[in-house]
Amino acid sequence: MSDLTMQKIAVLGAGAWGTALAMHLSRVGHAVTLWTHSEESARQLDAERENRRYLKSCCFPEGLQISANLAQAVAGVDGILLVVPSHVFREVLQQLAPLLGATPLHFAWATKGFEPDSLLLLHKVANQILGAQTPWAVLSGPTFAEEVAHGLPTAMVSASKYLEEAEFWAQAFHHQNFRMYTQSDVVGVEVGGAYKNIMAIATGVSDGLGLGANARAALISRGMAEMMRLSMALGGQTETMMGLAGLGDLVLTCTDDLSRNRRFGYQLAQPNAQVDEVLASIGQVVEGVKAVRAVQQIAERLDLDLPIMQQVFRLVESQISPQQAAQALLARDGKPETD
Numbered sequence: 188m189s190d191l192t193m194q195k196i197a198v199l200g201a202g203a204w205g206t207a208l209a210m211h212l213s214r215v216g217h218a219v220t221l222w223t224h225s226e227e228s229a230r231q232l233d234a235e236r237e238n239r240r241y242l243k244s245c246c247f248p249e250g251l252q253i254s255a256n257l258a259q260a261v262a263g264v265d266g267i268l269l270v271v272p273s274h275v276f277r278e279v280l281q282q283l284a285p286l287l288g289a290t291p292l293h294f295a296w297a298t299k300g301f302e303p304d305s306l307l308l309l310h311k312v313a314n315q316i317l318g319a320q321t322p323w324a325v326l327s328g329p330t331f332a333e334e335v336a337h338g339l340p341t342a343m344v345s346a347s348k349y350l351e352e353a354e355f356w357a358q359a360f361h362h363q364n365f366r367m368y369t370q371s372d373v374v375g376v377e378v379g380g381a382y383k384n385i386m387a388i389a390t391g392v393s394d395g396l397g398l399g400a401n402a403r404a405a406l407i408s409r410g411m412a413e414m415m416r417l418s419m420a421l422g423g424q425t426e427t428m429m430g431l432a433g434l435g436d437l438v439l440t441c442t443d444d445l446s447r448n449r450r451f452g453y454q455l456a457q458p459n460a461q462v463d464e465v466l467a468s469i470g471q472v473v474e475g476v477k478a479v480r481a482v483q484q485i486a487e488r489l490d491l492d493l494p495i496m497q498q499v500f501r502l503v504e505s506q507i508s509p510q511q512a513a514q515a516l517l518a519r520d521g522k523p524e525t526d
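Counting from 188, one number per residue, gives the positions in the sequence shown under the numbering used here.
Keep in mind the hints are simulated off the structure, nothing from the lab. Hints may contain errors.
Said to hold, decoys possible - Heads up, simulated SDA-like pairs for lysine to any residue below, C-alpha to C-alpha not over 25 Å straight-line:
| no. | residue 1 | residue 2 |
| --- | --- | --- |
| 1 | K348 | P285 |
| 2 | K311 | R277 |
| 3 | K195 | P303 |
| 4 | K243 | A284 |
| 5 | K311 | L339 |
| 6 | K311 | P340 |
| 7 | K311 | L350 |
| 8 | K243 | E504 |
| 9 | K311 | A284 |
| 10 | K195 | E278 |
| 11 | K348 | T321 |
| 12 | K195 | L306 |
| 13 | K348 | K243 |
To be verified - Here are the in silico distance ranges between beta carbons for each label pair:
| no. | residue 1 | residue 2 | range |
| --- | --- | --- | --- |
| 14 | Q511 | H224 | 35 to 41 Å |
| 15 | M419 | G318 | 24 to 30 Å |
| 16 | Q511 | E426 | 34 to 40 Å |
| 17 | S371 | L306 | 48 to 54 Å |
| 18 | Q320 | D490 | 20 to 26 Å |
| 19 | L350 | K311 | 33 to 39 Å |
| 20 | G250 | D490 | 49 to 55 Å |
| 21 | L489 | K195 | 29 to 35 Å |
| 22 | G250 | H224 | 38 to 44 Å |
| 23 | V462 | G318 | 23 to 29 Å |
The beta carbon of each residue, even a glycine, is placed where N, CA and C say it ideally should be.
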C-alpha cells in the first residue's frame, strides 16, 4: 500500500451508502471514522458492529470507528467524505464549515441530487458554504451500497475541476475489486446521478404495469436522451453521459430491484397504491421523488422538453395514474430520434 492511500478519513452520514463507503475505506487500510448525527445510533452501530437497519449481515471492519460528535470525527483528518441526503447537504456543510480551520484537507461528497429548495447542483451549494476556492470532488457511478459493503467488484468516478483532488479520492478508494476513474465534468456527473433516479421510477412503473422488456429498454434509451439534454443545458458534456456516471448508473438503477427508486415505481404501479404509503414502505429516502420535483422546475425555467420526467412528476404529485402516465408517453407524436 502506498503512502498516499493510508489516510485518516471521516465519512459523514451513516445511511446505507455512507456506511458501505466507510467499510470499504476501512478495508483498504485507512483510519476511518463513520459519523452519525444520533448518539443512540452511534452506540447501536458500535455495539452491534454492523448497520442492521440498512445493511444486515455486513460486519464492520475491525478498525472502523463510530462517532456522533462531528468535531471529534473530523479533528485532524486528511479527508472528509460527505454522504448525506441532498435535502440536508447544506445543513451538514454549515455545521462542518467552522470546524475545518485554515489547514487544507481533502473534501468530497457521494450525495446525488439537486438541493430541493434552491434547485442548485450540490457543487454550487458547496461553493456557497466553503468558498469557491476550496478544492472538492464529487464521487458517483453505478453502485449499490449492499454490493460495496460485501466487497463485490465496483467502478466509480471521482470528478473535480481540481485534478489533484480527483486523483486523491481515486487513489484512496483503489483496492482489488474497486476502481475509481477521474474526470473533470462535475455538472455531467451530478446531473447523471440525479436524473437516473427519476428514470428508475419510470422503469419501475413500467415493469409494475407488466409492459415488458421492450418498454423498459425504450424508457432507458429515451431517458438517456433526456439526461443528456438537461446536462448540456446546465453546462455538462455529452461524453460524460456515455460513461459510468451516466449510462452506467442509469442502467444499474433501472434494471435491478436493489434500487429503491425502481422499487418505489414498481409498487406505485400496483392497484390502489398511494405515493405517501409507498414511500413509507420503502423506509429510506427515495431521492428520485425529490429530484423529479427539482428537475420539473428547472425544465420549466429552461423550456426543456423532458417528457418521461414530466410524467413521473405528475405521477408522484398524484395528478395522474400509472396507466395514464404510460398512455401519455405512448400517445406522443413520432419524431426523429436525435431530436
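Violated hints, by number in ascending order, as checked against the structure: 3, 4, 5, 6, 8, 12, 13, 17, 18, 19, 21, 22 and 23
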